[in-house]
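First residue of the sequence shown? That's 1 in UniProt numbering, and the numbers climb one at a time after it.
It is possible that part of the hints are untrue.
[Stated by the list, open to error] Taking lysine to aspartate or glutamate pairs in the EDC-like style, the calculated list, with each CA pair at most 16 Å apart, reads:
hint : residue 1 : residue 2
1    : Lys159    : Glu188
2    : Lys144    : Asp124
3    : Lys274    : Glu65
4    : Lys274    : Asp321
5    : Lys144    : Asp160
The hints are simulated quantities; they were obtained by calculation from the structure and are not laboratory data.
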Amino acid sequence: MTTPSESVALALAGQMLEGFDVADEAAKDFLRSVVASGKGPLDDLKELYRLSLMRGVEEWDMLIEFPPLWADSFGLIQGEMASDPFRLLIAVTFLTQTSGRMAIPVFRCLMERFPTPEAVANADQAEIIALIRPLGLSTVRCAKMQRYAQMWLNQPPTKDRRYGVKNNPRPGDGRHVHAGQEFGPEPEAESRCGGGGELELEIDDAATDAVSEALRTGLGSAWEIGHLTQGPYALDSWRIFCRDVLLGRAEDWKGRGRHAEFQPEWMRVLPQDKELRACLRWMWMREGWEWDPLTGEREPLREEMRRAVDEGRVGYDDQGDLVILDQ
């Protein structure tokens, strides 16, 4: 028997689901009960994902396959698009509030039809909207993509100019800069992993106040694509997969072509997005570490965890933390 408090929770869950595509009333009742529980048990999430009952609520799309550490890649579309930053930005536009299983086929179709920034910028809006309509928010997504494309043509990202970004990576960050405020290139930094694993910055010796210098130069609060987007997901994706190449630091996002002590950009990103977090957990494990996505702290990789990953015995708990599953 349903208690009054459960009835209220179910009613509120029903309001939350208003406007989302759900197959039928039985499926809707099932989905309401999961939402109302305030949790996402793995089995329920698998069922939701398998049936594609819900579109547009990113928090529920937590079914990321965690590949073995010997795999070639983690499998995110951003990694595939790392050598084409414009396409990466379009891809993350599709992935916002939409599962990858739905978004990526539509993204590939769009890129086949409009393969360049010029093609996207000059495309007929009605044609783009028709292509992406299954994802929802088609008018908004179309406008954003065409704005990206036009700005990319007029003012493509360069290593010599950065733009202020607020509230990234955490709310309140960047409060001393204006959104879009222009800065010159980042103060010269040699990406080295010192004894504590921190980035060592070679800043002008005349600067005695490191904090003032950071504020003056927008260090950590200005990025080369800040004029294109202020969105944390897009910024973090671009920093992880594209920034080192743009700055000429390495030949790819994994640091290819640099010395062994080189610290790629991905090692300094603390993303909010669960898929990016999972990818970086995997990358750190390949380096021999278990990494905390909230603090950036890390501990040596346990042999038990390494074996579980390679044997496919890891999953996610209700908080999104990686756990070893029973054999």
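We went through each hint and held it up to the structure:
1. Between the alpha carbons of Lys159 and Glu188 the distance comes to roughly 11 Å, so the proposed pair stays at or under 16 Å and holds.
2. For the given pair, Lys144 sits about 14 Å from Asp124 by alpha-carbon distance, which is consistent with the 16 Å threshold.
3. Distance restraint check for Lys274 and Glu65: the Cα-Cα separation of roughly 12 Å lies within the 16 Å cut-off, and the hinted pair is therefore satisfied.
4. Using a Cα cut-off of 16 Å, the hinted pair Lys274 and Asp321 holds, with the two alpha carbons roughly 9 Å apart.
5. This hinted pair does not check out: Lys144 and Asp160 have alpha carbons roughly 25 Å apart, beyond 16 Å.
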